[in-house]
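Residue numbers (the working numbering), protein chains in the order written: chain A, 904 to 997; chain B, 1290 to 1788; chain C, 56 to 544.
Just so you know, the hints here were simulated from the structure itself, not pulled from any lab data. The beta carbon of each residue, even a glycine, is placed where N, CA and C say it ideally should be. A few of these clues could be false.
Ranges between beta-carbon positions, derived for each pair [as the list claims (entries may be wrong)]:
#1 A:G913 to C:V72: 42 to 48 Å
#2 C:I122 to B:W1354: 39 to 45 Å
#3 C:S79 to B:T1444: 48 to 54 Å
#4 C:S111 to B:G1347: 56 to 62 Å
#5 B:T1444 to C:T166: 37 to 43 Å
The following residues of chain C were derived to be distant from chain B, with all beta-carbon distances above 12 Å [claimed, not checked]:
#6 L77
#7 L109
#8 V149
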Amino acid sequence: MIATQLLYVGCGILLLILGLWSFLVHPPLLRKLIAINVMGAGVFHILVAIAYRGIDTPPDPVPHALVLTGIVVAVSATALALAFGQRLDRDDDR
Amino acid sequence: MSLDTLLPIAIVSSSLIPGLLIFLLKEESHRLRTLLNMSGALVKLALVVWLILGVYRGQVFESRWTLAPGLELVLSADALSVLFVALSTLLWVVTTVYAIGYLEGEPNRSRFFGFFSICVSATVGIALSGNLLTFVIFYEILTLATYPLVAHRGTPDAARGAKVYLAYTMSGGAVLLIGAIWLQSLVGPVTFTQGGILADAPEALRPSLIVIFFVLLAGLGVKAALVPFHGWLPQAMVAPAPVSALLHAVAVVKAGAFGIIRVVYDVYGVEFAHANGLLFAVGILASITILYGSVKALTQDSLKKRLAYSTVSQVSYIALGASIFGPIATIGGVVHLVHQGVMKITLFFCAGNYAETLGIHKVSEMDGVGRRMPWTSLAFTLGALGMIGVPPVAGFISKWYLGLGAAGSGANWVLLILVLSSLLNAAYFLPILFRAWFRPEPRSWPNEHVRSGRFETSGALLWPPVITAGLALAAGVFASAPFTPLEWAALIAEREYGR
Amino acid sequence: MIDSLVLAILAPLLGAVAVTLLPSQAPRLGLAAAVLAAAAGLSVTAGVWTNGVLRSELGGWGVPLAIALQADGLSAALLGMSSLVALSVSLYAVGYFKPSADGEPTADDATARHFWPLWLLLWSALNALFLAGDLFNLYVTLELLGLSAAALGALTGSREAVEANLRYLLVGLLGSLIYLLGVALIYTAYGVLDIGLLAEIVTPGPVAATAMALMLGGLMLKAALFPLHFWLPPAHANAPAPVSAALSALVVKAAFYLVLRLWLDLFGPITPLSAANLLGVLGAAAILWGSWRALRAERLKLLAAYSTVAQMGYLFIGFPLIAAAAPGPARDNLIAAVVLLALTHGFAKAGLFLAAGMVKKTAGHDRIDDLGGAAQALPAATFTIGLAGVALIGLPPSGTFVAKWIMLEQSLIMGHWWWVPVIMLGTLLAIGYVFRVLSRAFNREPTPYRFVSDARAEVPALLLGALAAGVLGLAAQPLWTLLLHGVIG
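If we strip away everything but chain A, and leave its shape as in the complex, we get (with noise of 0.2 Å):
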């Protein structure tokens, strides 16, 4: 099904476009996190789209492991960004 494998890789440039460049043109927080999420979902695709090797053979465990690596990655930093803003609205809020 190299077509699924194509669509996915696909689907995952395309996010991973849309990503950085809503990133680097978007100057609120949030925007930029959602953005920079969006971004690691696009690389996520890729990777599970590599790791596709047919119907009948189970797929490569090394590429889930990036991906669920990267997820527990994005997860804390999206948290501590989170943290950092909060603590510059409660600023603001003095």
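Once you've looked at the hints, dock chains B and C against the given chain A.
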């Protein structure tokens, strides 16, 4: 490791280690600081005597240390390095005594003496450098260690002087570095070798080598205060008197002049330099500097500034000696390295004494000072007469050999320079002597401190100039005795010209 | 017996857990973990020195599935440097984050409580990064390092610090994702991630070129190579002093280490010279721009941060030189020179930031023009700034001097003379910015009573400065011996 390989390192460390320890001392530990200072100075002196005797007998002292592949730190003692080592060690002992007296009761003495000791270690390192890399390393360390001394007083003037000093010497250091690396990239590691290392250099490299010579000369010329790189020297006069003495007589200016001698004789080789017109270029530059410095000195009323311009002029005799092809002039140039040091340090000590005791900073304030401070003025007079070239003071010997060498090699124009400059020397020194001895004392001195009941000023300030003046006289009177600077310079010239 | 490679990662990690569980004992436990971690790190360096390349596999699956740890000469050199720097930073931090005297909890206490776990986590990530042998582990450690660094940088909680580190976090994240994309590409093409295995099968072509561009591009962001350096100065200048020291000396150095490792092991042989030249040109721009901004900086810590931008530039100038040199002693010397430069900068910049922290605490600010009194009252701190300055300028006998000499000499031998004016101009600018600070120390303030006033803070900084300004230059030769294990020769 035998003792022969350790001696050069020991000579450098004998002032470095006390210097580093002094930094750690509490400000009020005067005794311990003085003890460290003096024991370092005396140990170094003893080691240098050992070195002199060994080198005279032809013994080889060499320490090597690999920094990285192809980069070796080499400390070794040949006749020329011994001359410079002996000069700086001897004068350091005297200057240390003087500085202890001079800075009594002043702030930040631990910092001062720490850098002071590092400064002398760097100078001795320069003297003992066995290759160009080692020379560059100690040359830069010397710049670093002298900056805090020039800035020591902390006044806006001192800050300005130190900034100018730093800008000149660091730029000079950068130029020297480029020259050294460029040369090494063409011919490999540059070891100082009697007769030079470029005699067999391929013909194709010649244009580059000539350019590099001038790059090196510019880098060294900054410290040697060759015109047009001399601008820092009068500015650096804001430093305390012992520092000026150190800059002018022992360390900085001498390091530049010594470097020029090394590059001419032991890197390029006097034959190569002569054949390619390099000597002539050095001669012209030195002559311009000699005349320019003297003319500028004429118009200075500030005593230290007059002395500073006099240094600009006098140090170039060393370069002049190196620029004349022939062993006699070489003797004149090399021996002046020592003679100028001894005479100039005397003059600066005396200037410091006048300032500290009577508050005199200007030539126009010196009327009758000879009667008030006879010993200091006598020392000053000896130094000044020596600078002019009056026999039998040491300066006469230098000029005599320079003139003889110039005449012998057909460079008659050099004689003209010598006569002119001696006239100018007389024109700016004799009026000072006249004022000091023959004008009446003023009713009050600008700012008088009584430093001692027994002498005209405190002993630590008085003895150093008296001793160095005595040395300047002795170097002239007993010039042909063994182990005098002259005899040693003759030994160097003999080895350089291989005769 | 536990493997020293594993221990180098585990010791700070367990320390981080311990200080999280027992926050009241944080300084004591943290220091114990620091000593242990530094000892483990240095024992790896010693092990490589005596036994050559060390390898160990976690999990027992064997390549390519296991987590492979590997230490060659390059890892060992950086690990040794970072162990010493991190130990000094830890010692310094104990005094820096002192609990308030009256026992009342203050904002500083919160900072102190958060410092130790994050710092030990960062250390663990750093050691893991130096020891990781495959692209995936490198990605994980790089992320951990970035996260903990951003959190540490924002510890003071001031607006500037949080803003700067938010930017740092996002930029770092972007860099990591780009790097990960490159990794994905490599994996698609070659099916392995172990650097050693990859090196045998990677071939020149569009895939390798794109992967390299992506991976190096991402890392350049993290290494703050001009013009991607914009995030660094505010982030490093606004962190607490020990954190600034770690960020500037170690964290950016880790990204550079990765670039160097990928270049030497993977991409160097298959890359056109033009790519190396591009890195060199960016490095040159970094030197000039960073030094110039350092010269104009009003605050001491900002000056130090811009100087980091400039010093990273020197490291990247190494690539075109290494790429142009024929294999043999010349190339080996250049590689060693670049590593020596990185090590010296690590020591010097850490010492500089620690000393700057002392001065800032005493003066209450770090505006250079008004620092006179504090600088003169703290001779040891000022002396440290001087020693670090000697190394940043590249004056002898610092390691930088030896490294620059080699780089300049090779530039001239190869006829690439254009690097000479860049390096020299950077040097002159560095003289300018270093002495702008040092000249403040000479003024007419009262004489300080003694040289060292707070030994626990000043001695580590002083030793770092002395290592950079003296020891590394005079004793650079062992680095060559160390790098013989798997890097040069």
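Here's how the hints hold up against the structure:
no.	hint	verdict
1	A:G913 to C:V72: 42 to 48 Å	43 Å, holds
2	C:I122 to B:W1354: 39 to 45 Å	43 Å, holds
3	C:S79 to B:T1444: 48 to 54 Å	52 Å, holds
4	C:S111 to B:G1347: 56 to 62 Å	59 Å, holds
5	B:T1444 to C:T166: 37 to 43 Å	41 Å, holds
6	L77	38 Å, holds
7	L109	25 Å, holds
8	V149	23 Å, holds
When the structure is compared with the earlier hints, no violation turns up for any of them.
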